[in-house]
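Visitor: So the chains spell out like this:
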Amino acid sequence: MMNANVRRLVFDRSPRGLSWVVLFCWMISGILAAEFALGQGRANALMVYSAGAWAMLGVGKIPAWRTLPVSQKDLRQAQFWQFIGIPYLLTFSSAFIGVAVMAAAGFLRASWIEILGLMSVGTLVALTMGASPLLRTMLGNLLGPVGSLIATSIPMIGAIGLASFVLIGEVNRAVLLTVNWLGALSLILFHAALIFNQSLPLALPVSQIKTPQASSLVPHPPVRFIAGRPTARPSGFWTLFGWSFWRVAPYAAFTLGAYAIFGIATRYAPASSVLLAVYSLQLIPLFSLLASLSPTLIDFQRVRAGLPISVFKRTLAIHLVSPALLVPTWVVMIGVTALAHPAAISPKWWIDCGLSSLMASALTALAAPLQMRFGQKGFALFLATFSGLWSFMLARGGASTWNPTFAGLMTLALLAGWIWTYLELAYGRKAYQNRAPALARWRGAAS
Amino acid sequence: MTSPAIELRDLYCKLGKFELGPINLTVPRGCVLALVGPNGAGKTTLLDLIMGLGRPKSGAIGVLGFAQPADEVAIKARVAYVNPDLNYALWGAVGRALDFVRGFYPDWNDGRCARLLEAFELKRTDKIAALSFGGRIKLSLIMALSREAEVLLLDEPTVGLDVNARRILFHEILEIVKNENRTVVISSHQLDDLERLADQCAILAKGQLVAMAPMDGLLDRYRQVDVMMTGRMPECIGVRLIARQGERVRLLVDRHAGGEGELEALGLRPVADVSMTLEDLFVALTSNPMEMAA
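Protein sequences appear in the order of chains V and D. Just so we're aligned, residue 922 is where the first sequence starts under the working numbering, counting upward by one. Just so we're aligned, residue 7 is where the second sequence starts under the working numbering, counting upward by one.
These aren't lab readings, by the way, just hints derived from the structure by calculation. Just so it is clear, CB atoms sit at the ideal spot from N, CA and C, and this is done for glycine as well. Heads up, some of the hints might be wrong.
[Stated by the list, open to error] Derived SDA-like pairs: lysine to any residue, alpha-carbon spacing no greater than 20 Å straight-line:
hint, chain 1, residue 1, chain 2, residue 2
1, V, K982, D, G98
2, V, K994, D, K23
3, D, K133, V, F1300
4, D, K23, V, L1063
5, D, K133, V, L978
6, D, K133, V, S940
[What the hints assert, rightly or not] To give an idea of the interface, some chain D residues facing chain V are shown, with a C-beta separation under 10 Å as derived from the structure:
hint, residue
7, G22
8, T51
9, D54
10, G60
11, E78
12, A83
13, V85
14, A95
15, G98
16, A103
17, F110
18, A135
19, L137
20, R202
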């Protein structure tokens, strides 16, 4: 099935630390499947995390794989196993073992169609998460940044939304069929992306070539250079905040668009009682979105350190982005719910949404300094821990988990994240600390 | 008859707005070819296509007598490739990345690898993510130079390297080309180094091969002269306007294209013959003279 080259590529488990974390998450995912078999079906964020993290571990290796003396066929096979085969087998087998153990012990409470739904969702999530990185490369080349956004947001949000819908227990034949069709579509798109990406060079050329100017016999006219310390304009903070906001806004827009489509689609779903739970669970992708903001915003802290803006304002520019994105989220959610299911808007719904938003803000606030301190690895572990806790929490009681203690803890986490960010920027790594602009003096061309 | 190291016939590739070629190029075995050109000229794309990373729209690529893409595996087994975009950080430590790569190459030389690690001051336990940019290039170079590869495609191998590391690299390249069957293609912007090291030079601009000749022959072929003239420079074959200051005009004259005869026909007499380096030639061939002439 696999020749030596493919085995060497697929079973090279690097980075080893993270690989073990992801495998452990899959094991926990099996325990959640066992809980599902007990009839307490709830969304399994850990399954989504495991499949997504596994795909991301593989995507960085492909350029190096392509330079090795391995045939195109073997390379395609290795990518299939890395992105689709292994995540699918692990997701499916962990769910199957969990359910089988419960059945053997006589605790099987879920119906066969619900079990089938669970297995299908596992397939869909694994396929979508596996296809997404390669689709991003393909659509990015065909459609530019919009293509990357589509490939990043729509399939993941769709799959997670549908998975939530199935895992809360509302499974019927139509939903099952949709899930499986989407899985098949993901597989087809994956293969298309696999073949297309192999026709691309490793580094794509710049789209517009700018030729340098010819050297002149005349020396360049002296450049006017104002020596001394640049002064911060009053609008410096707002420029920084606006830049951060617009950088992540397209991702938010796509997520919200997916919410809207999903929300309107659920208008035709059977029971409004189930929809209440669906609307709470819709916030899961929002957490993922907000968590993904942290790497985006942290990436540029080294550059920002050179700007004449205080640490306090830089902290604000990072952390005001998530509340600013939550406002349009609220507008879309209220709008969609009011249009599609007016009865769903109840005091409980308001509280759930409010506390979910608080949790999302707290998550982002903590993730930012965590990444600054411990890098990508720390951030990945944080997401894994969060996904696991979130899954267990939902499995234990869903929205009823929201209580004042939890709200208090989230508020504390939010404040801690803000203060920690300030401390990291002020006293943490040298690269993040404010650097005074170097004083320069123009000495003129002749001297 | 021994086949050339690299042979490109009417190679054409289109990626979005960018077009490369058609390019016809033959690189003999045992030479060091300098591939130079401005940013975005297509150097990396060309090397990628030779390595089999990507598919051209048309044309033929031959490496050591093998044809791309039919003999892709055989070519990759005989060619070493260095590119700054290759990142091995996911393998964690230097040693782990080396162990992963060496398994694919029977011609891997452990002794040379250890010597290069020492020369480039890298340890097997070093974390790749913590290496500087130059450190990562060194790792790629160690992977390429630890093998008995017959062709080395080095894309920007000197970027980020300190002076010592650059000298080690050039020393290793000279050792490699002592063997007449081994060929090195280097793409770089360090023109001074290339002028000393390379014996062939190819200049790419806007996806086109504008010059390809032995290094000495290339510098002999062109002449840089200053002439006095008023008015616009007339269009003439083999003469290219480089710069202008009032009535004094600097021209690039292509001797092979009859540029000197054209100058005489126009009645332009050189007032100065300016010595030319590879850098001067590069600027002259790849810049846009029309803007200067206006």
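Visitor: Against each hint, give a clear statement of whether it holds in the structure.
Guide: Here is what the structure says about each hint:
1. Using a Cα cut-off of 20 Å, the hinted pair K982 of chain V and G98 of chain D holds, with the two alpha carbons roughly 12 Å apart.
2. Pair hint K994 of chain V plus K23 of chain D does not hold up; C-alpha atoms about 29 Å apart against a cutoff of 20 Å.
3. Restraint check for K133 of chain D and F1300 of chain V: satisfied, since their Cα atoms lie roughly 18 Å apart, inside the 20 Å limit.
4. For the given pair, K23 of chain D sits about 12 Å from L1063 of chain V by alpha-carbon distance, which is consistent with the 20 Å threshold.
5. Using a Cα cut-off of 20 Å, the hinted pair K133 of chain D and L978 of chain V holds, with the two alpha carbons roughly 17 Å apart.
6. With a C-alpha separation of about 17 Å, the suggested pair K133 of chain D and S940 of chain V falls inside the 20 Å cut-off, and the hint holds.
7. With a cut of 10 Å, the hint placing G22 of chain D at the interface with chain V holds, because the nearest CB-to-CB distance is about 5 Å.
8. The closest approach between the C-beta of T51 of chain D and any C-beta of chain V is roughly 5 Å, which is under the 10 Å cut-off, so the hint is satisfied.
9. Because the beta carbon of D54 of chain D sits about 4 Å from the nearest beta carbon in chain V, less than 10 Å, this interface hint is met.
10. Checking G60 of chain D against chain V: minimum C-beta separation of about 4 Å stays under 10 Å; hint holds.
11. Nearest Cβ of chain V to the Cβ of E78 of chain D: about 7 Å, under the 10 Å cut. The hint holds.
12. Because the smallest distance between the Cβ of A83 of chain D and any Cβ of chain V comes to about 4 Å, under 10 Å, the interface hint for this residue holds.
13. The restraint placing V85 of chain D at the interface with chain V holds, with a minimum CB-CB distance near 9 Å, inside the 10 Å limit.
14. Because the beta carbon of A95 of chain D sits about 7 Å from the nearest beta carbon in chain V, less than 10 Å, this interface hint is met.
15. Annotation: G98 of chain D was flagged as interfacial toward chain V, and the flag holds, the nearest CB pair being 5 Å apart, inside 10 Å.
16. About 8 Å separates the beta-carbon of A103 of chain D from the nearest beta-carbon of chain V, less than 10 Å, and the hint is met.
17. Hint status for F110 of chain D: holds, given a least beta-carbon distance of 5 Å to chain V, under 10 Å.
18. For A135 of chain D, the shortest C-beta to C-beta distance to chain V is roughly 8 Å, which falls under 10 Å, so the interface hint holds.
19. Because the closest C-beta pair between L137 of chain D and chain V is about 14 Å apart, greater than 10 Å, the hint is violated.
20. The restraint placing R202 of chain D at the interface with chain V is violated, with a minimum CB-CB distance near 22 Å, outside the 10 Å limit.
The structure fails hints 2, 19 and 20 (numbered hints given earlier, in ascending order).
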